[in-house]
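2 protein chains.
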Amino acid sequence: MMALAAPAARADVVVPDRSLSQWNGEDGYRLWLRHEPLEGAALEQLRAFNPIPGTPASPESETLGIAESELREGLAKLTGGSIDADRPRGVIRFDCGRRERGGDGRFRVTSGARAIRISGPDHLSCLYGAHALLRELSRGVDPATISLDETPAMSLRLLNHWDNPDGHVERGYAGRSIFDWWRLPERLDRRMIDYARANASLGINGVVVNNVNASPLFLTPHYLPKLKRLADAWRPYGIRLYISARFSAPRDVGGLPTADPLDPAVKAWWNAKADEIYAAIPDFGGFLVKANSEGQPGPQDYGRTHADGANMLAAALGKRGTVIWRAFVYKAEDETDRVKQAYQEFVPLDGKFAGNVIVQVKNGPLDFQPREPFHPLFGAMPRTRLMLEAQVTREYLGQASGIVYLAPMWSEVLGTHTGRGGTVAQVIVPGGIAGVANTGSDRNWTGGHFDQANWYAFGRLAWNPALSPERIAREWAAQTFSREPEFLDAIVPTMLASAGTVEKYIAPFGLAHLMGTGHHYGPAPWVCDLARPEWNPCYYHRADKAGIGFDRTAGGSDALAQYAPSVAARWADPAQMDDRLLLWFHHLPWQHPMRSGNTLWHDLVARYGQGEAEAGARSALWARLADHVDYRRHAEVAADLATQEKEARWWRDASIAYWQSLNGLALPAGVRRPDHPLDWYKAKTFPEAPGQ
Amino acid sequence: MMALAAPAARADVVVPDRSLSQWNGEDGYRLWLRHEPLEGAALEQLRAFNPIPGTPASPESETLGIAESELREGLAKLTGGSIDADRPRGVIRFDCGRRERGGDGRFRVTSGARAIRISGPDHLSCLYGAHALLRELSRGVDPATISLDETPAMSLRLLNHWDNPDGHVERGYAGRSIFDWWRLPERLDRRMIDYARANASLGINGVVVNNVNASPLFLTPHYLPKLKRLADAWRPYGIRLYISARFSAPRDVGGLPTADPLDPAVKAWWNAKADEIYAAIPDFGGFLVKANSEGQPGPQDYGRTHADGANMLAAALGKRGTVIWRAFVYKAEDETDRVKQAYQEFVPLDGKFAGNVIVQVKNGPLDFQPREPFHPLFGAMPRTRLMLEAQVTREYLGQASGIVYLAPMWSEVLGTHTGRGGTVAQVIVPGGIAGVANTGSDRNWTGGHFDQANWYAFGRLAWNPALSPERIAREWAAQTFSREPEFLDAIVPTMLASAGTVEKYIAPFGLAHLMGTGHHYGPAPWVCDLARPEWNPCYYHRADKAGIGFDRTAGGSDALAQYAPSVAARWADPAQMDDRLLLWFHHLPWQHPMRSGNTLWHDLVARYGQGEAEAGARSALWARLADHVDYRRHAEVAADLATQEKEARWWRDASIAYWQSLNGLALPAGVRRPDHPLDWYKAKTFPEAPGQ
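Each protein sequence line maps, in turn, to chains A and B. Residue numbering for the first sequence follows my numbering, starting at 1 and increasing by one per position. Residue numbering for the second sequence follows my numbering, starting at 1001 and increasing by one per position.
Check before you lean on any hint, since a few could be wrong.
Estimated spans, in silico, between C-beta atoms of each pair [claimed, not checked]:
#1 B:1517 <-> A:471: 21 to 29 Å
#2 A:617 <-> B:1044: 57 to 65 Å
#3 A:272 <-> B:1528: 34 to 42 Å
#4 B:1528 <-> A:685: 37 to 45 Å
#5 B:1319 <-> A:673: 52 to 60 Å
#6 B:1044 <-> A:225: 49 to 57 Å
#7 A:255 <-> B:1528: 20 to 28 Å
#8 B:1470 <-> A:40: 53 to 61 Å
#9 A:683 <-> B:1348: 56 to 64 Å
#10 B:1280 <-> A:683: 54 to 62 Å
#11 B:1319 <-> A:616: 43 to 51 Å
#12 B:1631 <-> A:117: 27 to 35 Å
BS3-like cross-link-like pairs, simulated, lysine-lysine; straight-line CA separation at most 30 Å [as the list claims (entries may be wrong)]:
#13 B:1228 <-> A:682
#14 B:1077 <-> A:77
#15 A:228 <-> B:1545
#16 A:267 <-> A:228
#17 A:684 <-> B:1228
#18 B:1545 <-> B:1646
#19 A:228 <-> B:1352
#20 A:684 <-> A:646
Here are some, though not all, of the chain A residues that point toward chain B, as calculated from beta-carbon distances under 7 Å [unchecked claim]:
#21 18
#22 181
#23 639
Hint data in this document are derived by calculation from the structure and do not stem from the laboratory. The beta carbon of each residue, even a glycine, is placed where N, CA and C say it ideally should be.
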């Protein structure tokens, strides 16, 4: 018989992952907006401002009301609700003009001993300013020293959702879609507000709600009330709603016999459709279009150009909105080198797009691989507004496993000089930046807790491409996990190195597109029998007994010629170039001598091994950080890192086994042999793989 | 310029559904386990026991540790953490023997002025007792008066999940599956613990984790570690893991040329498979099998009987587990009356099933319709263990819209006398009861907040079929929403009437199976062109110019003869019978005189109207209860009730329009005409409908 009586102290008598205290506990839902109480000097400094949650006069707008709530509740959390009524008070003021929205987002935060002032041209800028102030305070900055004057680098900062109406997310690794089209418009999920709040905290100002492989449903009257409800909910957060438009919609759902963009009835249908949408959603953002790519319909079906198609839609939207036309196109008919096609199709159209058309270009010319050169279209269409498309979801970069922080990769692209008048970041200023979202129904939004960092970093870089990945990682980790220096000093370098780790075991030396078919999960470099040549991994690695790599020099596909000469020169000589792109541009013998003094084969095997070793080291490091992180999130990240360790070993072993089957070379001395024979890896199947 | 300074009181300055206080606020996740603080006399009474959360000695088992945690944390919440150290203390004790599990679940809770004692034969019974005590306290019962002595009526109390490995839930209306097969075994979602906890609070003791339309994946070595991780997590909560087994697995994944249950290689494969499973999961529950039904493979593919198939699997499990074999079978070849087939196939097999086989029978002979007579197999297989299959998810009862509380329907079935030695509840004692789960990834688990009541009621009735639906509703609502009497007095009668409302507008007078094809959403009585006769709504209503209904008397299909004579007699005479089954058993002229004095047509139209009116009244009532319910849950239920109102009107109007197209009859005087012509209803499509 056991008595449950007196003693005061509490403890978890069951194993922690059963603990009731985890019920509704820290689960990642609050993202980087936790505003955990400050301690020590930071708390004292903030308390000097004595930010008592007050009841302001009725706010002048919904947006200003939200800004006030954010600030009041954020400050209350940061101070742990502590109030010292006897102390002289500092004051925090908004000075935001009379308009709710319409400015460029610029805000200022100025502080002195007795006051902090958040100002801007409109209420939305004050919402941005409130979040910026809270971000600084959450990092532990002394409020008296805060001085911010920020203007976003680009006017369009969008998320693209590849979400289907049935709730499936293409390349989604965090559960199903966050959009509940079935219950809308009657029920608006609370998550739609929290999502807008998180985006507003970063300055993201537009969301494309459906997949670029677009269902025409979104252009039917049935969906308009659903879209309107969302747009109404997001408007006070400064987020405009966009949809992906299926180019053949006039035929699919409009009852017309054609979708030819030069057909008057087609034009009339789109004009009427745009008017119908704007009547319901006055600030509708516009259409994102994937046309004549991977089986999607488009203007070329009627012998028209991308410009014909885009301009027809642009005319329907008029000054009210924007057509975003994707440059991600490739065709089976033109098969010299897939990576050349976008440039070939789009450069001749430079100057032919209407003013409210933006061409959206992926960071690299292939498809979000761990390592690609920047896309040659950047800088090559000076009379066209270009937008950068980055992939926040990690389709080819390990999906939801482990820690892979993408800011270094994006930052590198943004900072790259095109050789044609500025960096990529400069080239896209008139266009903007779009990220393919990684959100889903998982409680922590992004599947892996550290994938929240990619959403965060995308938003921060969209606002200011000059921010360093290190700064962003530190901001994010301090707000999301812990602001203890010993934690941050350990986790930030780990995050910064993490994308490089994946690159080493998935895409060493610029190898690309070697993943499993369909689900894109795990290695399958041996696949060579798919219907279209450019779907096959073997198309990309071109490995045989003698060598490996894709010759894109003048002697090969000459994709190199699509870059400015100064850029092309950097990549023309295997002996001089950044070896992370070596096999992207060159086909080389296995015995090719590397700068290291070893052969290519030796260094390739070694690089796989480094990737595996780094993944293992990351797991070990995380285990040592257990005291800094709440139990549940620590355990979940540990599980994801264990998965990543297994995947790194699998990529290494399967890849090496396959290359050996071609080149017949022995492993360098002392190198571990693959765990299984090649056929074992070939036989693996993944029927429940997500995101297909 | 606006200053955010002093004033103390807080208020939501933004509209409530944007309020930050909703962030991580009351969202339904905690189900009926909220344990909101008591007030007044109930609090004083409980404080006399002064249940300070204590640190007991190291618990003797995981299960006992969980029981102690539940009690300690539940009491802390109920008392709002209030402690009065000066007051003499009562004590709460466990007395549970030394075994962790293995008993029949019986527990006792006895109380006096100075002590409450929870006792039982093993630790699991004390976990049940702890939950029962907390349930009583949460209702506000004076602890000194609590005296419980409970033993579950049936030993098997299972949930069946129709969840697929890819996360889709067949007939699921609450998002995707709660099971993350992709991340298992590395990552165990916290929800798997919370799910077990909720089930344990009701006494549910087994879970079939995958769809009866079963993927053979669950029988592969790849899935075994996933299943093991789940089973290990659930074991301390007294929950055994079962899987749905695909009968053709030896062929699908075993490499054998056949799945013939009499083939020695097939037997050997299943024997080895069972051994493999038990080596990993020593308390594996067993196999649920849907065989030779709706295209699923089964023993009849080889000329064998259901008993041959079931007994072969039962031999493989041996004493270690149970084969649950579904009686839900029907074939295109035998088309006199689909509802007769299960009886015809199974009654001849009575006494032929092995001792560890249970035949699982749906509550009615068709398929979970809003109104069916009880299944004639109950009572007709005295030498076979039968299990009742109830559908907690509301496939045919409005899916996730509005409030539809199913306990009255289940209670009625359980209490029905079979005419062959006892009630249904008595007949299934040797077998048990299974509920098709309604859980999903939605934050509130069940899509609609009130659908939590169906999960709760299923568990409570499985434990004690004699509990009244009223008692269960009151228990649930008090724990889940508010124990204020004015709230309970309003909501409980509403819940009790709610299934009847759906019946009136979907299935008046026992009409059945008139829903849309595939998604089973909304009315489609006009559908008559599907490949198999018994898939068509027109097969069931048999309406024409002259009359409506399915003649199941001796003059018709004579399904009536499958019931005991005393039961059949009750339903033989349209003039005497319960009119809620009138058209289930009889084909009658539209002008048939009802006991009301009106014609059938008149009363049918009126009943649709009653359903619509009741749905509207429910919405209005809920609006008046706003002060009793937190904002978010109130708003979400209100939205769902608005949807239900629309659906009730739609079912009524579409049905009446269709019947009029057949019978040419005018509407009774003063009755509202359908909003749209019949073709408008026929043209509706639901491409994003869930649960298909």
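Evaluated hints:
no., hint, in the structure
1, B:1517 <-> A:471: 21 to 29 Å, "57 Å, violated"
2, A:617 <-> B:1044: 57 to 65 Å, "59 Å, holds"
3, A:272 <-> B:1528: 34 to 42 Å, "37 Å, holds"
4, B:1528 <-> A:685: 37 to 45 Å, "42 Å, holds"
5, B:1319 <-> A:673: 52 to 60 Å, "45 Å, violated"
6, B:1044 <-> A:225: 49 to 57 Å, "52 Å, holds"
7, A:255 <-> B:1528: 20 to 28 Å, "27 Å, holds"
8, B:1470 <-> A:40: 53 to 61 Å, "57 Å, holds"
9, A:683 <-> B:1348: 56 to 64 Å, "45 Å, violated"
10, B:1280 <-> A:683: 54 to 62 Å, "22 Å, violated"
11, B:1319 <-> A:616: 43 to 51 Å, "44 Å, holds"
12, B:1631 <-> A:117: 27 to 35 Å, "33 Å, holds"
13, B:1228 <-> A:682, "26 Å, holds"
14, B:1077 <-> A:77, "23 Å, holds"
15, A:228 <-> B:1545, "44 Å, violated"
16, A:267 <-> A:228, "24 Å, holds"
17, A:684 <-> B:1228, "21 Å, holds"
18, B:1545 <-> B:1646, "29 Å, holds"
19, A:228 <-> B:1352, "61 Å, violated"
20, A:684 <-> A:646, "14 Å, holds"
21, 18, "6 Å, holds"
22, 181, "5 Å, holds"
23, 639, "4 Å, holds"
Checked against the numbered hints above, the structure violates hints 1, 5, 9, 10, 15 and 19; every other hint is satisfied.
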